[in-house]
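Which chain is which? The protein sequence lines are Z and S, in order.
Sequential numbering of the first sequence, starting at 494, is according to the numbering used here.
Sequential numbering of the second sequence, starting at 494, is according to the numbering used here.
I should point out that these hints are in silico values taken from the structure, not numbers from a laboratory.
Mixed in with the good hints, there may be bad ones.
One copy or any two copies: either way a pair holds, since identical chains are not told apart in the list.
[As the list claims (entries may be wrong)] As a list, the in silico DMTMM-like pairs of lysine to aspartate or glutamate whose alpha-carbon atoms are at most 25 Å apart:
hint	residue 1	residue 2
1	550	506
2	550	525
3	550	522
4	550	535
5	550	602
6	550	517
7	550	503
8	550	564
9	550	537
10	550	501
Just so it is clear, the structure is predicted and the values come from calculations on it, not from any experiment.
Number of protein chains: 2
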Amino acid sequence: MSTQTRRERERADRERLIITAARELAEAEGWDAVTTRRLATEIEYSQPVLYSHFSGKDAIMAAVAVEGFADLAAELRAARTAATDPRQALLGVGAAYASFALRRPALYDAMFTQAVDLPFATPAAPQALQAGFGELREAMRPHAGADDLETLTEILWSGLHGLLTLMRNGRLRTEDHDRRMTLLLDRFAR
Amino acid sequence: MSTQTRRERERADRERLIITAARELAEAEGWDAVTTRRLATEIEYSQPVLYSHFSGKDAIMAAVAVEGFADLAAELRAARTAATDPRQALLGVGAAYASFALRRPALYDAMFTQAVDLPFATPAAPQALQAGFGELREAMRPHAGADDLETLTEILWSGLHGLLTLMRNGRLRTEDHDRRMTLLLDRFAR
DNA sequence: TCCAGTAGCTAGCAGTGCTAGGGACATGGT
DNA sequence: ACCATGTCCCTAGCACTGCTAGCTACTGGA
Chain Z
494 MSTQTRRERE RADRERLIIT AARELAEAEG WDAVTTRRLA TEIEYSQPVL YSHFSGKDAI
554 MAAVAVEGFA DLAAELRAAR TAATDPRQAL LGVGAAYASF ALRRPALYDA MFTQAVDLPF
614 ATPAAPQALQ AGFGELREAM RPHAGADDLE TLTEILWSGL HGLLTLMRNG RLRTEDHDRR
674 MTLLLDRFAR
Chain S
494 MSTQTRRERE RADRERLIIT AARELAEAEG WDAVTTRRLA TEIEYSQPVL YSHFSGKDAI
554 MAAVAVEGFA DLAAELRAAR TAATDPRQAL LGVGAAYASF ALRRPALYDA MFTQAVDLPF
614 ATPAAPQALQ AGFGELREAM RPHAGADDLE TLTEILWSGL HGLLTLMRNG RLRTEDHDRR
674 MTLLLDRFAR
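Turn these sequences into a full structure, and let the hints steer you where they fit.
As structure tokens, then:
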């Protein structure tokens, strides 16, 4: 009995080890550098061990993404609750979102541009993801007026996401980022 | 002399053949299906021929993207010039942009989410790309007011891009697309 | 002490982008 | 008409990818 629980605990530890190694490797050298062989040497096990924990590389990326949702939600929450008025809250949450995406681009990619096999806009979506979206929604609420809050939050999110992905892929000049952020959030704050 | 020009013409023909085959294959089965071997059999040549035209797969995708810019610019222009008033022009251009992205997702991806080695926000950017952005800008102009037109166009573009990529990757419910588009464009039209 | 079960390894498969080298062909000069 | 030249393109192969089959050696229980 006790040996079995110890084994289960060790398995769980190793699973977290895999996720952490994958995230760190991706953040350090990009997802292209995260190969199953490289990841296996990193955790000091052989390749097939990865497949006893995850169905494949995509599942590992999805697990990393789920971790990222929690981090993002926490940062958004901190930014929102630190603000003193609704306008500052919206600006702060927007800035926090941008900061996260720019600071951890590989993680952001796993969360929002790759790893499609996660449930999103459904009740089955990861708790942390819903929490993150909830922070955006609460920051948006005082500015909604007669418009549908949920939809409004979605287009705010889209605006931020578009801005950041286009800039990160070289489609928009980096220098004008702040000006764009200001103008975008001005369209939502009132 | 004449044989040489004939050869050059044949080479140019083959280059366009490669680009067309790559685009069609990508639109039919996605970019994952566009392997150098598959593409080679498609054009009825061996693999190395591809490398006598392009430096690699990325360069082929970039060439496909450049073709796509021209198509998109034409569709945006048609939508803008067909409109009778500034508000309809903006709504029309927005709808045309969305329609393009949803109708040809693989092409859209090559243009805006992959193929990073193209110049974008510089004078060296492809002519067709600048034309497409120009259509957005002209549709935006009557609504700019005191805001910087260029920046405003960039965030409009970002909003559309974010909306479409998030939806296409399953991050937003497809059913609410029209409602989101309306609300987004309402933030820009006045 | 022996046996069953399992955990994790080595080795390999089919596929990827890309390249080296040779062989066949057309071209231009004598 | 013939040969040397140069070009073109194909076969074969490299190093890598994600993933899997099958064996080995260890662990825990009777």
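Each hint tested on the structure:
In the homo-oligomer, the alpha carbons of residue 550 and residue 506 lie at most 25 Å apart inside one protomer (19 Å), although the nearest pairing across protomers, at 40 Å, exceeds that limit. Within a single copy, residue 550 and residue 525 get their C-alpha atoms as close as 12 Å, and across copies as close as 16 Å, so both meet the 25 Å cut-off. Proximity of residue 550 to residue 522 under the C-alpha cut-off of 25 Å is found in both arrangements, the shortest distances being 16 Å within a copy and 21 Å between copies. In this assembly of identical chains, residue 550 and residue 535 lie within 25 Å of each other by CA distance solely inside one copy; the values are 15 Å within and 30 Å between copies.
Taking the closest pair of Cα atoms, residue 550 and residue 602 come within 25 Å of each other both inside a single copy (15 Å) and across two copies (22 Å). Taking identical chains as interchangeable, the C-alpha atoms of residue 550 and residue 517 lie at most 25 Å apart only when both belong to the same chain, with a minimum of 15 Å there against 28 Å between chains. Taking identical chains as interchangeable, the C-alpha atoms of residue 550 and residue 503 lie at most 25 Å apart only when both belong to the same chain, with a minimum of 21 Å there against 43 Å between chains. Taking the shortest alpha-carbon separations for residue 550 and residue 564, only the intra-copy value of 22 Å comes in at or below 25 Å, while the best inter-copy value is 36 Å.
Only within a single protomer do residue 550 and residue 537 lie at most 25 Å apart by alpha-carbon distance; the minimum there is 17 Å, versus 34 Å between protomers. Taking the closest pair of Cα atoms, residue 550 and residue 501 come within 25 Å of each other only inside a single copy of the chain (22 Å); across copies the shortest separation is 45 Å, beyond that limit.
In terms of the numbered hints stated before, the structure departs from none.
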